[in-house]
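Colleague: Listed in order, the protein sequences are those of chains A and B.
Take 8 as the starting number for the first sequence in the working numbering and just add one per residue.
Take 878 as the starting number for the second sequence in the working numbering and just add one per residue.
In short, the hints are calculated from the structure, not lab data.
One should not assume that every hint holds.
[To be verified] When the alpha-carbon atoms are kept at most 20 Å apart in a straight line, the in silico EDC-like pairs for lysine to aspartate or glutamate are as follows:
hint : chain 1 : residue 1 : chain 2 : residue 2
1    : B       : 958       : A       : 28
2    : A       : 82        : A       : 115
3    : B       : 949       : A       : 163
4    : B       : 947       : A       : 33
5    : B       : 947       : A       : 28
6    : A       : 52        : A       : 63
7    : A       : 82        : A       : 153
8    : A       : 82        : B       : 889
9    : A       : 52        : A       : 121
10   : B       : 949       : A       : 29
11   : A       : 52        : A       : 188
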Amino acid sequence: MSSVTVTRDEADLVERLRGGDEAAFETLIESYSGLMLSVARSYVKTRAVAEEVLQDAWLAVLQGLERFEGRSSLKTWIISIVINIARTRGAREARTVPFASLAPEHQEAAVDPDRFRGAGDAFPGHWWAYPANWNERPEEVILGRETLEVVTTAIEQLPDAQRAVITMRDIAGCSPEEVCETLALTEGNQRVLLHRARSRVRAALERHLGGA
Amino acid sequence: MAHSPLHISCQEVVELVSDYLEQALPADDAALLEQHLNFCDGCVWYVDQVRTTINVVGELRAEDVPEETKAKLMIAFRDWKRG
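Construct the entire structure; sequences and hints are all you get.
Modeller: Pasting the structure below:
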């Protein structure tokens, strides 16, 4: 995958922006603002603060444009700026530490171990009761407003490194390589953090959708 | 957890699902997982739940940006251009 560096189109876009092309900037804010707002929303408590983060992030993008070297894609670069600003604004700032020092912590089970049969059982490690088949749930419920709120809250409550990884991968659609580069993570740590984040969000969804 | 190399338990499956969906599992582990899914509906539904979770999280990208904010940003761009 060569998604880590800028494409030809992006390089042209950056040139036009540097030249002060308003139409190019308008295209850019229309393409990325929604995504940036979603990313900001997973760090700050209110929509209003997320919008402030969005504006600050765009100003930072403009200020940084001259220095942008195209070593990451434009999107990854912009999203990493949003994350940095949102983390600073976020109420939980006091307990954040730099990503580089955030290797996945201690073991963490994806699913509560009590849901599996114990070592003495004839089928150790097998489900006591199967998880629900969500395909039987109506799509209006799965993608309903309440469900999206549950997911937003679950992401807000994740440990910082997990939140950054799931936000970049599953909200922003960045590649694993882009995430590793931006957050200074190894490929293995990126996968573990993503796995844990998805597991916790799934568990929150299960509590909401009903369950086992 | 100790296990025979010939099969894996549901409790082991749930730890591999994200990597499986990422296509990041070593071929042997992927084969064991798929073999397990052939006889375990519970784990088929679990994998499906994780897939659904990823899709629902992906829905969050569709935030609308107010026109007013866009207008402010265009003004900021003009200011930036003037240096």
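Colleague: Would you mind marking each hint as holding or not holding in the structure?
Modeller: Hint by hint, here is what the structure shows:
1. With a C-alpha separation of about 9 Å, the suggested pairing of residue 958 of chain B with residue 28 of chain A holds against the 20 Å cut-off.
2. Between residue 82 of chain A and residue 115 of chain A, the direct Cα distance comes to roughly 31 Å. Violation of the 20 Å bound is thereby established for this hinted pair.
3. Of the pairs offered as hints, the one joining residue 949 of chain B and residue 163 of chain A is violated, with about 28 Å between alpha carbons and a cut-off of 20 Å exceeded.
4. Between residue 947 of chain B and residue 33 of chain A, the direct Cα distance comes to roughly 8 Å. Compliance with the 20 Å bound is thereby established for this hinted pair.
5. Only pairs whose Cα atoms come within 20 Å are accepted, and residue 947 of chain B paired with residue 28 of chain A is accepted, the gap being roughly 16 Å.
6. Pair hint residue 52 of chain A plus residue 63 of chain A holds up; C-alpha atoms about 17 Å apart against a cutoff of 20 Å.
7. At most 20 Å may separate the alpha-carbon atoms for a hinted pair to count; residue 82 of chain A and residue 153 of chain A exceed this at roughly 29 Å.
8. Using a Cα cut-off of 20 Å, the hinted pair residue 82 of chain A and residue 889 of chain B is violated, with the two alpha carbons roughly 36 Å apart.
9. Proximity of residue 52 of chain A to residue 121 of chain A is assessed by CA-CA distance (about 33 Å); at most 20 Å being required, the pair is judged violated.
10. At most 20 Å may separate the alpha-carbon atoms for a hinted pair to count; residue 949 of chain B and residue 29 of chain A meet this at roughly 13 Å.
11. Between residue 52 of chain A and residue 188 of chain A, the direct Cα distance comes to roughly 27 Å. Violation of the 20 Å bound is thereby established for this hinted pair.
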